[in-house]
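Asker: Protein chains in written order, with the numbering used here: chain R, 85 to 589; chain L, 554 to 663; chain E, 5 to 700; chain A, 26 to 560; chain V, 26 to 189.
Hint data in this document are derived by calculation from the structure and do not stem from the laboratory. All C-beta atoms, glycine included, are put in the ideal place defined by N, C-alpha and C. Incorrect hints may appear among the rest.
[Stated by the list, open to error] If we take Cβ atoms under 8 Å as the criterion, some of the chain V residues that face chain L in the derived model are:
1. Ile39
2. Ile41
3. Val48
4. Ile86
5. Gly89
6. Gly90
7. Val93
8. Gly98
9. Val99
10. Met100
11. Thr114
12. Val117
13. Ala120
[Said to hold, decoys possible] In the EDC-like style, the derived pairs of lysine to aspartate or glutamate whose C-alpha atoms are separated by at most 20 Å in a straight line are:
14. A:Lys149 with A:Glu56
15. V:Lys158 with R:Glu92
16. V:Lys187 with R:Glu245
17. V:Lys154 with L:Asp618
18. A:Lys251 with A:Glu237
19. R:Lys189 with V:Glu188
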Amino acid sequence: MVEQFGIELIQSLKNFLPEITLTLTLAFVIILDLIFGRKVRNIGAYVSLVGLAVTSFFTVKQYGGTYQIFRAMFVVDSYSTFFKFIFILSAFIIIVFSLQSYELKETSARRRLGEYYFLILSLTLGAFLMAGSVNLLMMYLSLELVSISSYILAGYIKESERSSEASMKYVIYGALSSGLMLYGISLIYGLTGELNIYAINASLLSSGYSPIVLLIALILMLAGFGYKISAVPFHYWTPDVYEGAPITVTAFLSVSSKAAGFAMLVRFLKASFIDRTVTVGIEGAWAIIQGLPWTEIIAILSALTMTVGNIIAIWQNNLKRMLAYSSIAHAGYILMGVVVAQNLGISAMLLYFLAYLFMNLGAFYCVMVVAEKTGSEDIEVYKGLGYRMPFLGVAFTIFLVSLTGIPPTFGFVGKLYLFSALINAKVIWLAVVGVLNSVVSLYYYIRVVRNMFLRDPELEKSPIALSTVHIAVILVLLIPTLLFGVYFGPIVDLAQSSVAMFGLR
Amino acid sequence: MQVNLSMFKNVGLEHFLVVSAILFSLGIYAVVTRKNAIMVLMGIELILNSANINFIAFSKYSTGDITGHLVAIFVIILAAAEAAIAIAIVLNIYKNFLTVNIDEIDNLKQ
Amino acid sequence: MAQDTLILFSILALLLPLGGFLLLIFFGRRLPRQGDVIETGLVLGSLILSFVVFFNKILNFPEPIEWKFEWVNFGFVKDWGEMKITLGILVDNLSATMLVVVTVISSLVHIFSIGYMKDDVRYSRYFAYLGFFTFSMLGIVLTNNFFTMYVFWELVGVSSYLLIGHWYEKKSASDAAKKAFIVNRVGDFGFFVGIMIIWASLKTFNFGEVFAGIEQGKLSGGLLTAAGILVFCGAIGKSAQFPLHVWLPDAMEGPTPVSALIHAATMVAAGVYLTARTYAMMTADALTFIAYIGAITAFIAATIAITQTDIKKVLAYSTISQLGYMTMSLGSGAYVAGFFHLVTHAAFKAGLFLGSGSVIHAMHHALHKVHDHHTDPQDIRNMGGLKKKMPVTYYTFLIYTLAISGIPLTSGFLSKDSILAGAFAFGKLSGHVLIPFIGFFVAGLTAFYMFRLLILTFHGEPKRKDVFEHIHESPKVMTVPLVILAILSLWFIFGPNPFDASSTWVEKYIHKPRSVVPTQQQFEFNLPVKLEEGAAITEYDHALHKAHIPAMLLSLGMAGLGILFAFLTYQWGKISAEKVANAIRPVYTFLKNKWYFDELYANTFVLATLGISRFARWFDLKVIDGIVDGSAYLTKLWSFSIGKFDWNIIDGLVNLVAYVTGFFGYVVRLLQNGKVQTYIIYVVFAVIVLFYIFLG
Amino acid sequence: MQILGIGILTWIVFLPILAMILVLLVPKGREIWIKWISVVATGIQVILAVVLLLNYRYDLAGINTLEGFQFVEKYRWIDVSGVAWFGRIVIEYFLGVDGLSMPMVVLTALICFIGSIASWELPKAKGYYALYLLLDTGMMGVFVALDFFLFYIFWEVMLLPMYFLIGIWGGPRREYAAIKFFIYTLLGSVLMLLVMIGLYFSTSIIDPVTGEKVHTFNMLAMMDPKNYEPGAIFSGLHTTWRYIAYIALFIGFAIKVPIVPFHTWLPDAHVEAPTPISVILAGVLLKMGTYGMLRISFPIFPDGMLKYALPMAILGFINIVYGALAAMAQEDFKKLIAYSSISHMGYVVLGMAALNTQGVTGAIMQMFNHGTITAMLFLIVGVLYDRAHTRGLYEFGGLANQMPKYFGIVIVAFFAALGLPGLSGFISEAFVFLGAFQTYKWIAIFSATGVIITAGYILWTTQRLFFGQLPDRWKNLPDINARELVTLVPLAIIVIFLGVYPSPLINLMNTSVNHLVRFVSEMGQAGGMQIGILP
Amino acid sequence: MSLFDLAFYLLAIITIGSAIVVVSARNIIYSAFALLFTFFGVAGLYILLNADFIAVTQVLIYVGGILVLIIFGVMLTTKVFDVPVRTETLHVGPAIVITGAIMGTLVGVVLKTRWFNVFNVQWEGTTKKIGEKLMTDFLLPFEVASVVLLVALLGAVIIARKEK
């Protein structure tokens, strides 16, 4: 028994290489920082970049296979691998951001850079685990790992009141939601006697269950997920934290932890609450289990999320806060992909995440650069900016246009596929809400563009130079945003083949 | 809702669940009402405890295996970790604001 | 001479003036003498050509000659067949005659203008426009289909617009031009609707094919009548028939030769020509309508003319009344007579205008000499006794006046007499006795006011001695046309016998077209009845024949009376005009103010249109944009109540949505109060709500 | 036919993009190069359009048959070899012209060329011309795209450049106008997007290459009922969803046309935009709405078209009369012209609603003619505004003597606008009415009253501007200069030529038009529906 | 009424009563000490559910760790000695409403549901089983937990330590 378990363990470890690499990297980061931190300030960053590179190498090798490891605690499949790509990419980009972030340079944070990168990596590790875990306990653990890392990151600039306030709100809010989630888990455990989502599904189908308890459990768990993906009405922390946290962290949270939350949510719903015995007419559609209308719940959350996010965003004059609300709205869009309960929706969701990665990070980066040059995130400082730094102006415009979802940008393709999913599933009302929302969103995105180009600079008129690094980073984000906007075949292919989850069609 | 009066005799699963439910609610009450950040943390601890009671009770009565216990252990561990972080953050808040009353800490809004 | 040559000539006649126009409009100022000679020469050229065409047609070709070409082709169209529009030229006796009339008058006016417009600021432009007009007019004459008819119809409208507004520095001039165009547009609107009916039901514009189609019964009943009347609406506009006659008097703002050419001789007669062209498709009801319109017009205009004091206004109203005459005669079935009157009237009315022109010219210069720039050179109350100073003008003017009053030995006598005969017969047969009655009454009125004009202008003592000193006879270039026109207004031009209209070449060569209307829609007395002598003649022809002599006598009587009264009043002063006027003051003022037509229209149609258009604008700005913008008041109130909100960006449709979204945004935003525990309450609350929503 | 191995349509569409790149590369202080590059590029575009015209085959119909299209370029653009549960996704790069698009292509090339000359004096030339050329590509693409997705891309690509062109180079209220334009159009196009996706899922064709079932955005495929999958949202005829889709599309296009009551963006946009952009807006952009209806709404939703033909005709009537009346009350020259545009586009709508050869031919001719005429009008306004810096109609008078050449041109344009025979405007209006009358007697008659009102405000404007006494402040207004003449005279020539001899234009389109009319009416009648219920 | 039942009710009353004190006491110190009793009560309940190991862990970690931590927190963030440490409460009204709602719902559901209630296993000593499970099935969570603790540790230090 023991040696048999040993073999099993070896197998598991083989397929666990990316996570192991990450873990080792974060250990290295902290150690090397202790040793060389004085001399090479950014050693942590370089180490983590290398580590991420290695991780991505292993991840690429993993792509396509589906394994279940560590005694059905964790799976490796295309779905999780796709998300891992996203986490790696965003972590990579964020670290590059952080290398130039004035917030980290000019505050006490500069003395804690090693730990900063350590936390970035630990968050990424948590996200990896979230993407792959198929056991409620594992889900809870990895969620907590992500949360704890992000609490600290949010409050990373200790002396800044905004930052620490953000972290405090975050921790209280997060702790409560994870508490609710845990209670939900406990109910499910009681109902099915299982923690593994496949087993849960099996027992739900085999032996009867009380839909009421299941409903409570689901809603309580949604509180947990909803808080991670900041879906209305669990979104309240988002604007405050996003505004308070250092901008690099905000950008990171807006992509990585959101994506992780979605990865976990979708896997959980799809694995536990569908009826695999029934076959549906449409290819790639799932049958929902009896008595639990979770698609409706998600649909309502989605509509609420995008609408609320957009209409509040209209009011924001602080760019960071505006982007926070816009990220809420985007969570709403992405949820549309879940509503349809079809693989098409999931592929659309994956596609959108890729788009969202580039355009959102791009927008945040532009805000960061501007904040660095002008010292403010207020929309006022953007007046005439398009003439003071034309390149950034144009790039920012393109990112915003992409966020609005106007061709020929990647954002449009993402939206196109989300709406396609909805219409294919005949959920027209939500599609209409969606498109109207994207019109509404134009108001506040275009507001920035207007200030940049249609207004003349008031205080400063002198042009602002961008360093080559800035330009390079922007290009890295800009080129995909445009290229995939006109030629998205391969990406769509990737996204569609990445919906394959372990043990599911 | 009809409740069989026999419940007051032989204590069973439901009793523990009810206790945990009450603890849960009290926890939420604490989280919502108490101004002091630390009290809020206490409330959260109550919630976690209630969840734990569920796990243990279920694993005794419903599933009959030990899994619940393990979950409980991990929950306790995480509770500790969370508490540590939370307290640290609260201390930091205290450094910056010289108060730990959450409602006075609302610079970030709207 | 072959047919194609004939066609070729007529096309040339058509195009020469156009060439002149293009030449002058582009290079006018650089040409010698600003190109007036060139233009005149070209028109004379087309005059000669049209004479050639005329005689050839009359003598060699009894049948109409038509030349078609395919203009556009829509290809093969579902349930229509091959849809195409063919245009072309139709030369029959009618158009040939008209061709001559137009070119003659036109060239004479050209020549006259050389003198009259001598030192005008836009001399070349003036001649260019004249050329353009001649071209368009000839187009109307020569066309063989409704489409091009409409096209040239509008084009003459434009040229008249340009010429009326020739002195556009004067507001009155540009106003008159505008008025003329728009009023005409109203008529043309009807004309176009008529064309639409014809096209929709007969699938062709060509006159011949249209008539053939009607004969096959493709278009009949009320729709046919409607089509007829609607087409006639064009005539109402152009020929200034009641109720659209108001533009013509104002049109006198243009240079006098223009009035002579366009607003007396040719263009306004185009309406009559159109009615004659489409005569075959007119049903009985349509004809009655036409007859009454004509009669009413004739009467109204005549009554107004009595009271006018502006020499050109008098002539203008007489023109309207004469046009009413023609229309009436067409309506009452005297087809040939109507057209005949058109021809004769063209000559003497042009003459009258040119004569008045020469008077005005003289007056103008005289007034200029005495540095009097306030007196109106056109007001007959300042004239008188000009007979001695400008004899040529006077005697020619006299001949015209006799002609228009229908005194024997003049062309007017012949045509007018047969018109009245026609009216007489019509009244007798159809029972519409009002028509002949008005006819005769107006004959008298005409004689009266024309002689009033003549007397006041030329006879008696000059009213302004000082001016009178400087009056001179106009130069040759102006008097020669007068003489020619005077000759043209005599009987022998048309026929040997001054008392028998039927002996004239007009009556010989121009025949009433056979009606294609279904018999039940014709007057029964127009249906051919077999009489003993082989020829199929209608009851109407019979009555007409019998009506000649009485009509002649009666009309002579009326004219005589009119002239008598004129002399009694203005020459010998036996009757005091003032007394009469005072006696019937209300009537007098009513007539003096032209029956208040202008005021009526100004206060109804014009006002309404402007009102509606203002409303439309207001509606756009306030209501639609208001709905869109969210009305200003609310917006202000709102932005006041919620503090600063960037209305620049979220504006527009934008505003309504923004207004709504903004509202919700504001409400929802209030929830975001920065207190984490409040958030938590919401969350827990939401959880409970969600639960209970999905429980049921 | 190809140039350097690349299809001519690709050239004509993407030439401006190349020029744009060149423009962006031009170093600072070399503004003149930028101008020349753009003018030359657009000029070449015109030449290419002429080449197309010369090689155009008049006997091909197009509309719904691939072989009926000319200069076709059809490549797989996006081809997602599918996963089991979701067939293949095929988006084609599919260009081609037929009788509907050919006139529009010529028009676009011409107007863009003239516009680029007219833009000569504008500041910030680099940004301006870059955006201008991008806009050019967008418009040209819309008219030649035969793949709905491609069409949509081009459609949307125009938005942003237009927003900037109005917003940066516009008049005092430019921001408002720009955003209004942007929001309106986006609102319309998102509706279009939904319909497009719905169609995409409803239709599927057999891939000739692999023989498998393929979803496609190919418009021609969407026009064929056989390609609709049973049970799909838009399958069948006369279903509620199809009607809803038709209306959604209609609104999407109506906003561009614009049809009352979606028109209020137009006066603002036109008035605020700089002259060349107003020219582009009125000359080309408005046509895209009506073109979209002819190219997409009618053939794909013939049932919806027939069901809502009567309301459409009524809307056309409202446009004509309402626009004319509103124009009459304006005191700003440019605003007046803007409203006259609304009125004139009403003729197009009426003609299309008639759905017979003459009506549709008239409509397309009106699209072309209005393009040229209104371009002239806006240029004319521009000429005056550049000199006087005001557009108040009440402030002028007696210009006829001051600026005779200008007066001459204006008279041509004005008379063309009021539909004077012999000028192109008349022909199209006449055909529209003749066509409409066969279907809707009374609507046609009522609409014809618009002609009178038009005459009213045109002549009134002429009088205000040119007649009467010249105010002293304008004593030294220079007459129209050479560059402006270069922009105006070609248009004037076209207007006159087409007014006298419209056959070239008609022959260009009538095969296609006949085909379209037959196709739509037969398709619709298949569902037992026919047009022409007299109101 | 067996001894088991008696014990249960006793512990339940202790737990809930002290919990009520926790949430309602005005003085933080009181609530802190009430929390102590709650934890003990819960531990007792664990023993009733024969989860001996968990009970011990509860006592060790909660009482020995978390509670001490909390009290430290209280000490560090309130001036204990000069003024009595009071904390006000806010929006009690809504709080009572939602708490009542939740409690009612949960209790109701708990009592109404027919739970999968078959076993009544009596473990003697769960420690060994837990150990085995921990090393086999729950190996991954175990490792992850260690990472979580590491992160927490580091984070706490980062945030709490004084900047020099």
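Asker: The structure should be examined with respect to each hint, and the outcome stated for every one.
Answerer: We went through each hint and held it up to the structure:
| no. | hint | result |
| --- | --- | --- |
| 1 | Ile39 | 11 Å, violated |
| 2 | Ile41 | 5 Å, holds |
| 3 | Val48 | 4 Å, holds |
| 4 | Ile86 | 5 Å, holds |
| 5 | Gly89 | 10 Å, violated |
| 6 | Gly90 | 6 Å, holds |
| 7 | Val93 | 10 Å, violated |
| 8 | Gly98 | 4 Å, holds |
| 9 | Val99 | 6 Å, holds |
| 10 | Met100 | 10 Å, violated |
| 11 | Thr114 | 4 Å, holds |
| 12 | Val117 | 6 Å, holds |
| 13 | Ala120 | 4 Å, holds |
| 14 | A:Lys149 with A:Glu56 | 9 Å, holds |
| 15 | V:Lys158 with R:Glu92 | 15 Å, holds |
| 16 | V:Lys187 with R:Glu245 | 16 Å, holds |
| 17 | V:Lys154 with L:Asp618 | 10 Å, holds |
| 18 | A:Lys251 with A:Glu237 | 16 Å, holds |
| 19 | R:Lys189 with V:Glu188 | 16 Å, holds |
In this structure, the earlier hints numbered 1, 5, 7 and 10 are contradicted, and the remaining ones agree with it.
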